[in-house]
Amino acid sequence: MSNAAVAVKNNIDFDGTNYKNLIGFILSNAIAGELVAVKNYTNMATISPDINNVIVFLQEALEEASHARLLQNLAKELDVPVVTHIVEPSWLNIVKYVTECAGNGNILACYMAQDLMLETQAVVLYRIMSGENSIVDEKTSSIAKRILQDELQHLDSGSTYLAKAIKDDEAGFYIELKKTHDKIMPELFRLIRNDCDTLCDEMGVTCGTFSVNDMGSDIDLMKIMALEFYVESMDNIGVKPEFINSLVTNVSGFSENPTSACC
Amino acid sequence: MSTIILTGASGFLGNIILSNLFYNSNSDVIAVIRGNNDSSKIYEKAIGYLRDTHRPVIDEYAARFSTIDLQDIFDKKIDLEQLKILDIESVIHAAGSVDYFNEEHLTQININLTSTFINFSKKINAKKFVYISTAYSAGYTNELVTESELPEPDKDPTFYTYSKRKAEAIVATSGIKFLIIRPSIVIGHSKYGLYHGKRYGLYQQWMLLERLFRDSVDDEWHLLAQHYPLNLLHVDTFEESFHWAYNHLPKDSYFNVTSDNDVLPTPRELYKLWFDNTLRPKRVIFYEEYDKLPIAKLSKKQRIFGGLIKTNSEIASFQWKFENTARSYLKKLGMVHVNATLESVEVCQSVFLKQSSNGLNKLKESTTTYENHCISC
Ligand SMILES: [Fe+2]
Ligand SMILES: [Fe+2]
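Residue numbers (our numbering), protein chains in the order written: chain A, 27 to 289; chain B, 113 to 489.
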């Protein structure tokens, strides 16, 4: 069945403005996430005492940069509005935190932020973009599937490091994990939404005119998928279930947008 | 013709109030909104609620509705003299934050913004200030929650209840005639089941059960759930209560808008209602305390579910007793008060399930056994 036929069947018009704006919005955010990852891995490379790790970090940074380029090219090919630099405040806050941690030589916090938190969210994003619990065009799906493989590998190498770190200093690990979770996860969850702070303006589209429903998905489900995979990744690292639960409890308090609850 | 100023009109309860003012009053309504909120969407939402509840909508409503930007109030760009001429009947402050863990946000919105609107009301000579608080503003107390200024409790469930209590105090000591309305947990319409609010409370629970268990069903469940009532309130009861309180309660009144404990469902009954109509697991075990849950043995999904609703389930685990004097008085005048019962909640749940995309929610094969986790062990 052709792409267009599939789309019609599911009542999603891949050539419609709403779908195109949505994909542009998602690609812009994904590109921003990739650029954030480039910065984070570069930061981690500069402070790593182990030369083998320096090489791994730089390779990962290079892969993230190539993801950003793949996504930019995809946006061009699909002819969707796109922004190719970081604009959302949440991404900037994440970069700021990881840069600070790197400045303090705190490689553990960098691993937690980038390799556990950002990578799990990247995996979920690319799963959705490849058609898991969503309906997307073939081009988007195939690029997303390609990037997904790299992200799973990034997560895997980070998990190996973190699994060892938890054994080396359990108490220290938990203190750092709580701190990093409180800083990074609210920002990441704030990014899973249909509207935007400044991104829509820069994209030249009207905020609120499209939503993830335009790709047959829903925001609540996306958040739950993100949380499930985050928990699964912590399980794999060996984080205590009780501790994971205390982190999950405070996720319920994350607001989409600090101003949205009022007026 | 008088004018009412309303905050929080884009939110759930504020929008219900807007609908009610269109339908039940002749006043002009000026909604205070944030610049990024679309006033036509707010209007349409209020009109939509009237239509959904089978009430006539007339063109005159649009002419009675206007907005001002909150930022203009902060920047003192509002022409106060012009507002004074309008003869402001009341300021109804329904804007609020339920961001449980964000103390800064709660302080800013629930406490500071209330002060801002009290000062604003004084400047424009508003005759009355109506504050939409919460039934839980008393915090954890074993005493009766009276319809008066509240004492400091030993403990608050969250900073949210503290911030609402502080806001009440700001209103009560302002010198303006006031009405403080304290609804419990607002759910859908008692007759039509519709709900336009955010996914809080019971709706958060249903949404999580639906989305988390979209592709698998656990056979055994361990849940924190009490055997005494959870105070739910139908949105139509809230609306009716608002209307009667606004028009008939004397100045400086407090009003606990709640349902009666003897007919309300318990959290355990609410889970049974869900499972009986959806997943039908084999075994469900209810716990009295969160710390007794065998977290390490639970499936990933149950851990996430339990973690996300922990705060709400703990709030639901406490038994508040509410004074009902204002309600009795208004009922004598003709107000109709519809309690939330297991049957009426089922109306809301079935509307929710009808909109559900989860095929598993239609499974009805096995039977479930319910057990209580031993209390003293
Ligand atoms: Fe990447
Ligand atoms: Fe990556």
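Honestly, I wouldn't trust all of these hints.
List of simulated lysine-lysine pairs, DSS-like, C-alpha gap at most 25 Å [stated by the list, open to error]:
1. B:Lys-188 to A:Lys-190
2. B:Lys-394 to B:Lys-409
3. A:Lys-204 to B:Lys-422
4. A:Lys-209 to B:Lys-412
5. A:Lys-249 to B:Lys-188
6. A:Lys-249 to B:Lys-310
7. A:Lys-266 to B:Lys-409
8. A:Lys-266 to B:Lys-422
9. A:Lys-204 to B:Lys-394
10. A:Lys-205 to B:Lys-466
11. B:Lys-188 to B:Lys-235
12. A:Lys-204 to B:Lys-409
13. A:Lys-193 to B:Lys-409
14. A:Lys-266 to B:Lys-404
15. A:Lys-209 to B:Lys-422
16. A:Lys-249 to B:Lys-235
17. A:Lys-204 to B:Lys-412
18. A:Lys-190 to B:Lys-409
19. A:Lys-193 to A:Lys-249
20. A:Lys-193 to B:Lys-412
Ranges of calculated distance between the beta carbons of each label pair, as one might list FRET restraints [unchecked claim]:
21. B:Asp-388 to A:Asn-130: 47 to 57 Å
22. A:Ser-92 to B:Glu-426: 22 to 32 Å
23. B:Arg-311 to A:Arg-95: 33 to 43 Å
24. A:Phe-269 to B:Ser-469: 48 to 58 Å
25. B:Lys-188 to A:Lys-165: 24 to 34 Å
26. B:Ser-469 to A:Thr-110: 48 to 58 Å
27. A:Glu-268 to B:Lys-394: 48 to 58 Å
28. A:Asn-262 to B:Lys-188: 49 to 59 Å
29. B:Asn-231 to A:Glu-228: 57 to 67 Å
Residues of chain B clear of chain A, computed beta-carbon distances all greater than 10 Å [as the list claims (entries may be wrong)]:
30. Asp-150
31. Lys-363
32. Gly-446
Everything labelled a hint here was simulated from the structure, so no lab data went into it. All residues carry an ideal CB built from backbone N, CA and C; glycine is no exception.
Evaluation of the provided hints:
For the proposed pair B:Lys-188 and A:Lys-190, the alpha carbon gap of about 58 Å is over 25 Å, so the pair is violated. As the CA atoms of B:Lys-394 and B:Lys-409 are separated by approximately 17 Å, the hinted pair is consistent with the 25 Å bound. A C-alpha spacing of about 18 Å is found between A:Lys-204 and B:Lys-422, which places the hinted pair at or below 25 Å, so the restraint holds. About 23 Å separates the Cα atoms of A:Lys-209 and B:Lys-412, which keeps this hinted pair within 25 Å; it holds.
This hinted pair does not check out: A:Lys-249 and B:Lys-188 have alpha carbons roughly 39 Å apart, beyond 25 Å. This hinted pair checks out: A:Lys-249 and B:Lys-310 have alpha carbons roughly 15 Å apart, not beyond 25 Å. For the given pair, A:Lys-266 sits about 11 Å from B:Lys-409 by alpha-carbon distance, which is consistent with the 25 Å threshold. Of the supplied pair hints, the one linking A:Lys-266 and B:Lys-422 holds, its CA atoms being roughly 18 Å apart against a limit of 25 Å.
Taking the CA atoms of A:Lys-204 and B:Lys-394, the gap is near 36 Å; set against the 25 Å cutoff, the hint is violated. Pair hint A:Lys-205 plus B:Lys-466 does not hold up; C-alpha atoms about 41 Å apart against a cutoff of 25 Å. Restraint check: the Cα-Cα separation between B:Lys-188 and B:Lys-235 comes to about 11 Å, which is no more than 25 Å; the hinted pair holds. Restraint check for A:Lys-204 and B:Lys-409: the C-alpha separation of about 22 Å stays at or below 25 Å, so the hint holds.
For the hint linking A:Lys-193 to B:Lys-409, the alpha-carbon distance of about 22 Å falls within 25 Å, and the restraint holds. With a C-alpha separation of about 16 Å, the suggested pairing of A:Lys-266 with B:Lys-404 holds against the 25 Å cut-off. A hinted pair counts as satisfied when its Cα atoms are at most 25 Å apart, and A:Lys-209 with B:Lys-422 qualifies at roughly 21 Å. At roughly 44 Å between alpha-carbon atoms, A:Lys-249 and B:Lys-235 are farther apart than 25 Å, so this suggested pair is violated.
Using a Cα cut-off of 25 Å, the hinted pair A:Lys-204 and B:Lys-412 holds, with the two alpha carbons roughly 19 Å apart. Restraint check for A:Lys-190 and B:Lys-409: satisfied, since their Cα atoms lie roughly 24 Å apart, inside the 25 Å limit. Only pairs whose Cα atoms come within 25 Å are accepted, and A:Lys-193 paired with A:Lys-249 is rejected, the gap being roughly 30 Å. A threshold of 25 Å between alpha carbons decides the hint, and for A:Lys-193 with B:Lys-412 the separation of about 22 Å falls inside it, so the pair holds.
Taken as a hint, the range 47 to 57 Å holds for the pair B:Asp-388 and A:Asn-130, whose Cβ atoms sit roughly 55 Å apart. Against the hinted window of 22 to 32 Å, the Cβ-Cβ separation of A:Ser-92 and B:Glu-426 comes to about 47 Å, which falls outside the hint. For B:Arg-311 and A:Arg-95, the hinted distance range of 33 to 43 Å is satisfied, since their beta carbons lie about 38 Å from each other. At roughly 33 Å, the beta-carbon separation of A:Phe-269 and B:Ser-469 lies outside the given 48 to 58 Å, and the hint is violated.
Checked against the hint of 24 to 34 Å, the C-beta distance between B:Lys-188 and A:Lys-165 comes to roughly 53 Å, which is inconsistent with it. At about 34 Å, the beta-carbon gap between B:Ser-469 and A:Thr-110 misses the expected band of 48 to 58 Å. Between A:Glu-268 and B:Lys-394 the C-beta distance comes to about 25 Å, which lies outside the given range of 48 to 58 Å. Look at A:Asn-262 against B:Lys-188: about 56 Å separates their beta carbons, and that is inside 49 to 59 Å.
Remark: the range hint 57 to 67 Å for B:Asn-231 to A:Glu-228 is contradicted by a beta-carbon distance near 37 Å. Under the 10 Å C-beta cut-off, the non-interface status given to B:Asp-150 relative to chain A is violated; the minimum distance is some 7 Å. Every CB of chain A is more than 10 Å from the CB of B:Lys-363 (nearest about 26 Å), matching its label as outside the interface. At the 10 Å boundary, the C-beta of B:Gly-446 stays outside the reach of chain A, the nearest C-beta of that chain being 33 Å off.
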